[in-house]
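What follows is the residue order along each chain.
Number of protein chains: 2
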Amino acid sequence: MMIDGLQCGHFDRDSFTRLKAGGVSGVVVTCGFWEGALESLDSLGAWRDLIRDNADVATIARTPADITRAAQEGRVAAILGFQNANLFEGRIRLVEMFAELGVRVVQLTYNNQNDLAGSCYEAEDSGLARFGREVIAEMNRAGMLVDCSHVGNRSTLQAIEASGKPIAVTHANADSLFPHKRNKSDDVLRALGQTGGVIGCAAYRNITGDYYSGPIGQWCEMIARTVDIAGIDSVAIGTDRAHNFTAPDYAWMRMGRWTRGVDYGAASAARPGKAPPPDWFQKLEDLTAIPNGLRSVGFSQEEADKITHGNWLRLYGETFRKTDS
Amino acid sequence: MMIDGLQCGHFDRDSFTRLKAGGVSGVVVTCGFWEGALESLDSLGAWRDLIRDNADVATIARTPADITRAAQEGRVAAILGFQNANLFEGRIRLVEMFAELGVRVVQLTYNNQNDLAGSCYEAEDSGLARFGREVIAEMNRAGMLVDCSHVGNRSTLQAIEASGKPIAVTHANADSLFPHKRNKSDDVLRALGQTGGVIGCAAYRNITGDYYSGPIGQWCEMIARTVDIAGIDSVAIGTDRAHNFTAPDYAWMRMGRWTRGVDYGAASAARPGKAPPPDWFQKLEDLTAIPNGLRSVGFSQEEADKITHGNWLRLYGETFRKTDS
Numbered sequence: 001m002m003i004d005g006l007q008c009g010h011f012d013r014d015s016f017t018r019l020k021a022g023g024v025s026g027v028v029v030t031c032g033f034w035e036g037a038l039e040s041l042d043s044l045g046a047w048r049d050l051i052r053d054n055a056d057v058a059t060i061a062r063t064p065a066d067i068t069r070a071a072q073e074g075r076v077a078a079i080l081g082f083q084n085a086n087l088f089e090g091r092i093r094l095v096e097m098f099a100e101l102g103v104r105v106v107q108l109t110y111n112n113q114n115d116l117a118g119s120c121y122e123a124e125d126s127g128l129a130r131f132g133r134e135v136i137a138e139m140n141r142a143g144m145l146v147d148c149s150h151v152g153n154r155s156t157l158q159a160i161e162a163s164g165k166p167i168a169v170t171h172a173n174a175d176s177l178f179p180h181k182r183n184k185s186d187d188v189l190r191a192l193g194q195t196g197g198v199i200g201c202a203a204y205r206n207i208t209g210d211y212y213s214g215p216i217g218q219w220c221e222m223i224a225r226t227v228d229i230a231g232i233d234s235v236a237i238g239t240d241r242a243h244n245f246t247a248p249d250y251a252w253m254r255m256g257r258w259t260r261g262v263d264y265g266a267a268s269a270a271r272p273g274k275a276p277p278p279d280w281f282q283k284l285e286d287l288t289a290i291p292n293g294l295r296s297v298g299f300s301q302e303e304a305d306k307i308t309h310g311n312w313l314r315l316y317g318e319t320f321r322k323t324d325s
Numbered sequence: 326m327m328i329d330g331l332q333c334g335h336f337d338r339d340s341f342t343r344l345k346a347g348g349v350s351g352v353v354v355t356c357g358f359w360e361g362a363l364e365s366l367d368s369l370g371a372w373r374d375l376i377r378d379n380a381d382v383a384t385i386a387r388t389p390a391d392i393t394r395a396a397q398e399g400r401v402a403a404i405l406g407f408q409n410a411n412l413f414e415g416r417i418r419l420v421e422m423f424a425e426l427g428v429r430v431v432q433l434t435y436n437n438q439n440d441l442a443g444s445c446y447e448a449e450d451s452g453l454a455r456f457g458r459e460v461i462a463e464m465n466r467a468g469m470l471v472d473c474s475h476v477g478n479r480s481t482l483q484a485i486e487a488s489g490k491p492i493a494v495t496h497a498n499a500d501s502l503f504p505h506k507r508n509k510s511d512d513v514l515r516a517l518g519q520t521g522g523v524i525g526c527a528a529y530r531n532i533t534g535d536y537y538s539g540p541i542g543q544w545c546e547m548i549a550r551t552v553d554i555a556g557i558d559s560v561a562i563g564t565d566r567a568h569n570f571t572a573p574d575y576a577w578m579r580m581g582r583w584t585r586g587v588d589y590g591a592a593s594a595a596r597p598g599k600a601p602p603p604d605w606f607q608k609l610e611d612l613t614a615i616p617n618g619l620r621s622v623g624f625s626q627e628e629a630d631k632i633t634h635g636n637w638l639r640l641y642g643e644t645f646r647k648t649d650s
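Residue numbers (my numbering), protein chains in the order written: chain A, 1 to 325; chain B, 326 to 650.
These are calculated hints, taken from the structure and not from any lab test.
Mixed in with the good hints, there may be bad ones.
[As the list claims (entries may be wrong)] Here are the simulated DMTMM-like cross-link-like pairs (lysine to aspartate or glutamate), alpha carbons at most 20 Å apart as the crow flies:
{"no.": "1", "chain 1": "B", "residue 1": "Lys647", "chain 2": "A", "residue 2": "Asp263"}
{"no.": "2", "chain 1": "A", "residue 1": "Lys322", "chain 2": "B", "residue 2": "Glu459"}
{"no.": "3", "chain 1": "A", "residue 1": "Lys322", "chain 2": "B", "residue 2": "Asp391"}
{"no.": "4", "chain 1": "A", "residue 1": "Lys181", "chain 2": "A", "residue 2": "Asp263"}
{"no.": "5", "chain 1": "B", "residue 1": "Lys490", "chain 2": "B", "residue 2": "Asp535"}
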């Protein structure tokens, strides 16, 4: 059993059958980057149709038990997530309603500062704003997991402190292992470890670097070194894999509607396009290599199980909540 | 036990305590007249807060059992409804999501023709439009009751025929008893009777007329004559009572954003303002007079029970559905 803490892009039937072949039973999917409330409802509607049309291979998970059940049935459980808080449109009351519609993971902000928090790409991280504190408390109550992957380190530390429940960094790496604005300081990783939070280690070359994007043993070496910082109960997988992504998708992801100019996101002017996948991760089916890769760098079976799914299941259990309808 | 098929306006704690004193255990509340999706979410959010803040006297009902339970607990069950389909914003996928958020009754259109159907106030009733047919089928599936109170007679007859489940006219009267554009033809009433639908008889003077707005016996006489047309299983109560309504509320209800001019809705240039309540219905507590009023015009206890709550409970049981969350 494996859970991927974050993927994005245009999923189709092929995505699910290949994730299944890759040993993945649960995956947090990205339902939006910049979309407001109505566009987010459209996205959720499209996701419901996609899952209904492929119910033999996929399902939507609202609880950890749904993921376990999907694993037993040989289906892939999609956990609905958003990489930005724009779906709330500044309205505290919308949090519980989106939770009722199945949304379980929301990132406080994406690449830009917003009304909740500062972003990893801003020259200055504002720290957690008033609405951010309100939304975290409401997400705690409504049964949603707070995600700080693209959030600045300062805001992330404040979110960890403000949240009554442990939080996640669903897809990032340790900045001390591969320096990048998107990666997290050791302070953040230690704070996650001390509070029951979890970081999903990414397999996106732009934030993983070429060495850790080599053979599977080298990527698992990065995981082992991340465990040294955050602890064995706080490290998991969050590949950041993008399905069927094309140039317009990258443009939307990076520029949204916020600039007439060019922004490279996690890429750079020198390497602006699609980053090549890690050597070990040419196709989704290659995810089957992870369990053995973890054993090869010295993890016990029990430890490898925590990394591949146990830590996410535990965190989801502490944060998700099935609401009345 | 009594169920009021439709009320509107600004409910507050006083509304619930007085409805309770009036013997009302369930009431369909109007969460919107012209509001789009986001404004409708705002309205639902405000309703949730209102109910949470008054949980000792009120609750939200998603099933008929919730209403029965509320009656036993001495609370008033609010059934969330909209008097227009604008909340869907032309999107079929939003129907099931609003159902999941607790919306149980939606009128196909309000005073103006829309993308679903023709209105009772248009010079020509367009009949049921393509999107209207789609929405009815989706409402059937998602567990929402179709309401045609302000819908034109032609569209209403087509809606009754198109719907796989019985429909409601939550608040109107028989046009043959008091002629008014808002009231329903005998054809519509008979069609309701033949298909398990229900009409909630209104106690709004503009569409009830002065005679049937006299003492309680006269209003119940109207109900008896409506039963003669539609049958004992298809007549109930839908007072159309407005709580804390002021001039700006009437302006929004009648003109919304669709005209720079003046529209009188169910009122008229000759009597444009707030209609005086029926003589028997000066205050909410007066609703206690209904059961005896019904007995006084010849209904048996069993028949009176159908009119005060049994018919609504039966129809809600056939149409409402608790959805997964």
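Mind listing which of the numbered hints don't hold for this structure, in increasing order? 1, 2, 5
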